[in-house]
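Asks: Given the coordinates of chain R, work out where chain V should sit on it, guided by the hints.
The chain contents come next:
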Amino acid sequence: MQIFPCPFCGPRNETEFHFAGELGKVRPATDEKIAAQDWATYLYAQRNDKGLVREVWIHLTCSELFVMERDSETMKVLGSRSLREDAQ
Amino acid sequence: MTSHRTTRVALIDRSKPLRFSFDGKEYQGYEGDTLASALLANGVRVMGRSFKYHRPRGPWGAWVDDPNAIMTVTLNGHSFPNCPATSTPLVEGMQARSVNAWPSAAFDIKSGLDLFHRWLSAGFYYKTFMWPNWHLFEPIIRKMAGLGDISRDVLEGYSADQVFDHCELLVIGGGAAGLAAARAAAEAGKGVVLVEDHPVLGGGLHQMAEVEGLAPADWIAEQVNAITSAGGRILTATTAFGVYDHGLVGLAENGPFGTAPRLHRMRADRIVLATGALDRPITFAGNDRPGVMAMDGACEYLARYGVLVGRKIALVSNNSLADAAEVLLAEAGAQVLRLPPHDGPMQALGGKRIKGIAQGAKRHDVDTILASGGMTPLVHLWRHAGGKLNWCETRQAFLPGAAPDGMVAVGAVNGAFDLDVSLSEARAAGNGKSPDLSPTSYALTPLWPDPGSKGRQWIDFQHDVTLKDVELAARENYVSVEHLKRYTTLGMASDQGKTSNMAGLAAMAAVQGRPLPEVGTTTFRPPFVPVPLEMYHGHHGKQLWHPLKRLALEPQHRAAGAALGEYGGWLRPGWYGKGEAKQLIHQEVLTARGSAGIFDASPLGTIEVMGPDAETFVNFIYYNTIRTLKPGHIRYGFMLTEGGIVLDDGVITRLDQNRFVISCSSSHVDSVRTHLEAWRQDGNNPDRIFVHDQTQHWATVTIAGPKAREILAALALDVDLSAKAFPHMTLQETHFEETPMRIARVSFTGDLSYELSVRCAKAPALWEAVVKAGQALGAAPIGIEALSILRAEKGYIMVGKDTDGETMPHDLGFGVPRLNKSSAFIGDRSLHCDKANATNRKTLVGLAVPTGAPPLTTGAHLVDGTPPRSQGYVTSSYESPTLDRPVALGLVENGAARIGETVSVWHLGDIREATICAPCAFDPEGERLHA
Numbered sequence: 001m002q003i004f005p006c007p008f009c010g011p012r013n014e015t016e017f018h019f020a021g022e023l024g025k026v027r028p029a030t031d032e033k034i035a036a037q038d039w040a041t042y043l044y045a046q047r048n049d050k051g052l053v054r055e056v057w058i059h060l061t062c063s064e065l066f067v068m069e070r071d072s073e074t075m076k077v078l079g080s081r082s083l084r085e086d087a088q
Numbered sequence: 001m002t003s004h005r006t007t008r009v010a011l012i013d014r015s016k017p018l019r020f021s022f023d024g025k026e027y028q029g030y031e032g033d034t035l036a037s038a039l040l041a042n043g044v045r046v047m048g049r050s051f052k053y054h055r056p057r058g059p060w061g062a063w064v065d066d067p068n069a070i071m072t073v074t075l076n077g078h079s080f081p082n083c084p085a086t087s088t089p090l091v092e093g094m095q096a097r098s099v100n101a102w103p104s105a106a107f108d109i110k111s112g113l114d115l116f117h118r119w120l121s122a123g124f125y126y127k128t129f130m131w132p133n134w135h136l137f138e139p140i141i142r143k144m145a146g147l148g149d150i151s152r153d154v155l156e157g158y159s160a161d162q163v164f165d166h167c168e169l170l171v172i173g174g175g176a177a178g179l180a181a182a183r184a185a186a187e188a189g190k191g192v193v194l195v196e197d198h199p200v201l202g203g204g205l206h207q208m209a210e211v212e213g214l215a216p217a218d219w220i221a222e223q224v225n226a227i228t229s230a231g232g233r234i235l236t237a238t239t240a241f242g243v244y245d246h247g248l249v250g251l252a253e254n255g256p257f258g259t260a261p262r263l264h265r266m267r268a269d270r271i272v273l274a275t276g277a278l279d280r281p282i283t284f285a286g287n288d289r290p291g292v293m294a295m296d297g298a299c300e301y302l303a304r305y306g307v308l309v310g311r312k313i314a315l316v317s318n319n320s321l322a323d324a325a326e327v328l329l330a331e332a333g334a335q336v337l338r339l340p341p342h343d344g345p346m347q348a349l350g351g352k353r354i355k356g357i358a359q360g361a362k363r364h365d366v367d368t369i370l371a372s373g374g375m376t377p378l379v380h381l382w383r384h385a386g387g388k389l390n391w392c393e394t395r396q397a398f399l400p401g402a403a404p405d406g407m408v409a410v411g412a413v414n415g416a417f418d419l420d421v422s423l424s425e426a427r428a429a430g431n432g433k434s435p436d437l438s439p440t441s442y443a444l445t446p447l448w449p450d451p452g453s454k455g456r457q458w459i460d461f462q463h464d465v466t467l468k469d470v471e472l473a474a475r476e477n478y479v480s481v482e483h484l485k486r487y488t489t490l491g492m493a494s495d496q497g498k499t500s501n502m503a504g505l506a507a508m509a510a511v512q513g514r515p516l517p518e519v520g521t522t523t524f525r526p527p528f529v530p531v532p533l534e535m536y537h538g539h540h541g542k543q544l545w546h547p548l549k550r551l552a553l554e555p556q557h558r559a560a561g562a563a564l565g566e567y568g569g570w571l572r573p574g575w576y577g578k579g580e581a582k583q584l585i586h587q588e589v590l591t592a593r594g595s596a597g598i599f600d601a602s603p604l605g606t607i608e609v610m611g612p613d614a615e616t617f618v619n620f621i622y623y624n625t626i627r628t629l630k631p632g633h634i635r636y637g638f639m640l641t642e643g644g645i646v647l648d649d650g651v652i653t654r655l656d657q658n659r660f661v662i663s664c665s666s667s668h669v670d671s672v673r674t675h676l677e678a679w680r681q682d683g684n685n686p687d688r689i690f691v692h693d694q695t696q697h698w699a700t701v702t703i704a705g706p707k708a709r710e711i712l713a714a715l716a717l718d719v720d721l722s723a724k725a726f727p728h729m730t731l732q733e734t735h736f737e738e739t740p741m742r743i744a745r746v747s748f749t750g751d752l753s754y755e756l757s758v759r760c761a762k763a764p765a766l767w768e769a770v771v772k773a774g775q776a777l778g779a780a781p782i783g784i785e786a787l788s789i790l791r792a793e794k795g796y797i798m799v800g801k802d803t804d805g806e807t808m809p810h811d812l813g814f815g816v817p818r819l820n821k822s823s824a825f826i827g828d829r830s831l832h833c834d835k836a837n838a839t840n841r842k843t844l845v846g847l848a849v850p851t852g853a854p855p856l857t858t859g860a861h862l863v864d865g866t867p868p869r870s871q872g873y874v875t876s877s878y879e880s881p882t883l884d885r886p887v888a889l890g891l892v893e894n895g896a897a898r899i900g901e902t903v904s905v906w907h908l909g910d911i912r913e914a915t916i917c918a919p920c921a922f923d924p925e926g927e928r929l930h931a
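Chains as they are written, first to last, in this note's numbering: chain R, 1 to 88; chain V, 1 to 931.
It should be emphasised that the hints constitute simulated quantities derived from the structure, not laboratory data.
Fair warning: this is a prediction, and the values are worked out from it, not measured in the lab.
Note that the Cβ used here is the ideal one computed from N, Cα and C, for glycine as well.
A hint or two may mislead.
To be verified - Cut-off 20 Å, straight-line C-alpha distance, at most; resulting in silico cross-link-like pairs (SDA-like, lysine to any residue):
id	chain 1	residue 1	chain 2	residue 2
1	V	Lys388	R	Gly51
2	V	Lys468	V	Arg118
3	R	Lys25	V	Ala678
What the hints assert, rightly or not - Facing chain V, a subset of chain R residues (Cβ under 8 Å, in silico):
id	residue
4	Glu22
5	Trp39
6	Leu43
This is chain V alone, in the form it adopts within the complex:
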């Protein structure tokens, strides 16, 4: 193949050749090339296939504006899907493969689809595959559609650094305007950061012969030197991909190919936008053919990579920038033919290679067609920030209008296409001024799609949206640009409409006979270019994302062979020992019922409420009356939301007149604390109430079982343990090894039970003493799995498991305060609304199964009628080793009044029988509890 590489000064290093392959064929490029420039240098034109018709596609642009050349690149055994060839730097040994094409982009087996284009217009899938059911067709259509395949191998170390940064002035775009603005600001003493998405600074300057009397490279070097000497920072290969609230700019800094970009979250006091402008396509027949390229793109290939894309070039342009392009290309040795687009409808001739261009009756033999329909300023970031756009009739483009806070646009993005104008407004902006719209030498004749004209004329190259599709959408009344976009998928390709949007809007405007600015634009949303999801994620994984809370006694549990797992945010022993979990858990249940279970209850919340108004406060917070609670006594109660829904349950202890300890569920500590703080500060006098979360300060070891008193007695503490001196629901304060200890006689298992709380530092000594004393009496440590069974046998609930977002306390059998409590409390009025008074409320019940039947499935529905209607569901279900039969709890409509009724339980299509019973299946008289 002919080499298209010229000897022109460029940004590649010709002393460093690189080998690579594309669709299985070997090629050579240079350091500094992109995949696309290296392929073009080797004469390769077809680099991909379009999404729908599988038409051959070559690059349209030279950078992020190209929608066509998308590849899966394999390097060092790892493959990366959907790499845009125009912005992927070439690396030695890269194996690139076109996506959406098989076996290769040049000979794609599905190209036959193009023959059916008449039937594949916009909305084809919506119209054709709806009957009888889209889901029948979906799998095969999904398989045919889409771009590259995601690699299934996990790439170790592919992790994005996260940088949080701030600067006084952020300059986005490292072309002439950006460099000039950054220099002016840096020299004025501002803390400046300049970002440029290319690896090399300079933007369009490389196409020029000289800048302010210097060669472009020298002028750029001078600016860089001035900026960095004044303390400015420059980030190249870094894309500002989005502007977010409060001046946050997302910057993706690309490292070597195959590494995750580094994410900078940059807070800038001010932003100078110098993002430049893009050439837009001209809509004519066959304008999607490989070899039809952007005029500016061709100049970039020449200036940056020394690649002359064609030898005989037809230059089709409606604007004054074509003059300089013609000179540039001609100097590099191309034969350039200028074709005025207004002289008549055009058609590209040829297939995978351009053979010529026809205009009216005239035919010109060329190998390349360069098109330029005018410049489109890159106003994306301006719109992200909330800036307005104004239509400029002279430039036929949307330009920055009313500015967002702290942002100013300079250079080509502001319509300043003349270098001197661009530099002077950039320098003014660097010094804090906002430039007005400058006069311009740029001139163009308006040129937009001509609805009704002949031939297949492409608007969106990647998604195969043609002018006819836009006309069809308009006929079917999808006239709003947002509807047009979604109906035709115009602008939804991976370039997000950088090339297609303006033509699409103009086509819609022309079809409707409305002025273009009236049609408006679609919404500009971040990211400006595709970025890997990994970039947002960074190191926020696993433990760093969701750190587990750890127990002071973890080493003791590990030594005892605990199976540790996450329960409510804590790493806790599920059970102890090696072997079959179910057997071990059942053995622990039997131990607890036969002797005693020793349990680490430290995650239970310990929130102290203190102060002169503490009593009034907790009385208001709780559903139950707390005012009457005596010091040293404990009460079980509920906290509700204002909607009357159960927020948490647990016991509250009164230590003295003005001091309470709230013991909330392990996983609800944070929400309860926030709930208390909200009510304390907003609605009460915060100087008279103090809330102190001490959960992490106390470790609690619980001894539960008939032998609990004997075990505790063995510790020889200074406490009278007799049932009379230390009854159920009371608290004693004592000392353990000369540190304070609280002993609460409360029970979550239904057996005699003591909760011993000490400072964490004393927890290991206490644990060892209790386990030692327990072992002599047949007691042993039990995990949370056994505890769940023990409490279910007693019908004790776990909030969030046995309650849902509708459960009120009277649904759980605690209806007295609702009717009798005299003072106000949170949620009180809600407990008397129509819904709260309804007779079909779901209430807590037990569920028994026939003898010999297995346990019910948690989550299974209780049903009646045909088709089956749910009247409730199973919330907890276990095999009870104590009773040697299954036990279950559930929430069922009007359940409390239906004890003894047989119900149908539905699970995955199977229906079983169960009988509604009281929630408490073990020791319903509570004799063991009060022992």
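Bound-form chain R, shown alone:
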């Protein structure tokens, strides 16, 4: 059982969280023409890096999304920040 740090609620059990995507995925502007390949990449392609990853998670009990940095190999959590802070 991992412990994840919600920037708003502090460290909590992993069962309270849900993965919400890899950070940096940008939705293509769909009011313009988008090639099927690009859309498929947006929908399905994941970097799935080994080692340091930056991901968006949601803390289901407070409904806040945040950015978490962790090591996908050792499962070590390196830190978390609110989306707002991270964008700055």
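Replies: Below, chain V without anything else, positioned relative to chain R:
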């Protein structure tokens, strides 16, 4: 039988004799005994049978390293299967029975299987029973295999406490090293928890004459006193069975026999591992015979239970620890013969009882053979945590190498077999230092299985894996240790290879002529010892596992005789009244069509979206155009995933310019709320949009039916109910008993319908007023079962029932926004991919059956061709009391273009006919809806 109990100081209470039985025979032991020690004291040697050949087996070890003595124990009328006799404490009145043996371990009727061993080598089942089909043989083989039978009686109160705990330092192992480390840390001011799996602390110390000038018991007491005085905690009879992510250690605390262990989920900042080491077997012919035991195991039986396992003992050891063991056993009165294992191949003589041991031409008459092939450190938890192992040539063992975060190993598990070395490195670790590998007086001559040598030599005692099986596996190219394990089942017995793995790896290394460390080990996985599944489960059952959501109006429903059931996570009325459910439900449908149905719609989601960007946001979230929705108006629409798949349907109401209410399906509220939050925060400015789930704050009473307007009028609310002033798909805000009330004219039944929403506190008053007004006009409460029929008659879908993971909105007849909506929305691009444009998409249709035919079965497939190919399936099917015929909905390939076509419907081998029709079977013009 001769008693093997000595007068040596031990950990048993000789003033408390306990009676028990084994395989029907009565015996006596003492408080503090294990089942195995008490049986050994009574001279019982055969305590079980091996898994495959049903060979007689006695205990090899004295604790969790024993794979042989496994029993079903009955106490107070309840039986517990697969109890390891070596670690099961003896209790007055226990009735133990050997597993995998009948009628008893001593005379097992299946022992004849052993004669066929030549044909039962590794892979025998894979090779023999594959033709024509394994499943033909499986039942009988399954019946022959396996250990104890699970008791069918439910044991009340067998529930594991769940403890969540934290400590600064967790010391695992309460032997010399563990005690010393815990004391040093506790005295340095650390919050220490020490766990020990035996009921008594001390580990191997009980075998010793003195420790630092004190008797072992006194030395242990001194450490305990120091630890507890400094605020440390000690848990005995507690096994650390696994180390998991982020410093979580699972501790199983055993209570009295027959109770569920208490699970501690311990978070430790640091862990000192002092788990010790185990004696490993020597591989020689007949080494599985009862009476061939671990040297260290025999010393433990003597030191802990006062049991001397044999009188004439052959001690076969390749290492320096045998000297102390020889002295210990000799002092207790045994005749000990030291046999150097390198002097020639050995063979145990005798069957159920050892008669002697032969080495080369020499034969020695002994009653017991003690073997020690060197110590194997218990590095399991180290590996769980991700620590590395190093091969130590001096000690011929894998020792802890690169450490996992926050973990340090001390004592025998770290290769420190000398007491003084062990204590000094433990004290250093208690003070926060990491010990290096210490010099050792421990010496041994490498001794590993010798492939090609004669005789049946056991590697895995319980699973009957012999040296020849390992050689066979190597010949058949199962050379990776993970393949070797699975092909031969080596190390897959209930001790999980504690005794067999090293010999197995060494045998494979020898067969291939590779160095042992190059062959490597198999993966160490939790749990370290078997633990009951109940332990993980604890009180997380029934309501505590899956709490039902409850309606504010539940008392009113109960009073009205509702049949309450779970629907989408809510406890809701299925129907009302006593009698045959189908009749009651059909009557409710007829009531709703004839007068009106009164329905508790409170579980419907009520999610408010507010703020200056709310309009843009919901317009993006919805498949339908919401921007054009006027205040006070309601629109039906879909939310999609980015893949274009229907996530939920429902109505959205615009209260004013910047305020919307999303009414989602009852069972999708949480997922819709999360969906909205995700898009609000990631991709939008969260300061300009607010999402507020108010589902639990509002109670909704729906009146649906031709008399709905009259019933509502009877409430004398300040609202003009005329069709012109209050048309379909609009909302009015008013007051009920001086509290705010929303009235939405929307319909899920196809009839004139009003949804009245008030604060939960006012729900009972509203419900009673509506029911009273309704009764005068022939209306009555209806449950969700009737509602399901009413909506199916109209062809209204339920997302998740009439849609699946491929359904897009144009499959449901809502294709306009896909082609016309000008602004971006979630899932938009996906609605134009090749798959979305395909002509054979499954689309929503109605299905009619010939006159007089019964309803179709939900889930039945529409088929064509030979062999039949599915082209869709029935999603909803009911008998419609309104139309007096069955109605059904389904998803069928290109269905919308095939209205009128007759199709075959397949269910469990039977094929029926049905006709594809429009989904709406009742009032297709919608006259009643707009009344």
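Asks: For every hint, state whether the structure bears it out.
Replies: Against the structure, the hints:
no.: 1; hint: V/Lys388 / R/Gly51; verdict: holds, 18 Å
no.: 2; hint: V/Lys468 / V/Arg118; verdict: holds, 10 Å
no.: 3; hint: R/Lys25 / V/Ala678; verdict: holds, 13 Å
no.: 4; hint: Glu22; verdict: violated, 12 Å
no.: 5; hint: Trp39; verdict: holds, 5 Å
no.: 6; hint: Leu43; verdict: holds, 6 Å
Consistency note: the structure conflicts with earlier hint 4 alone.
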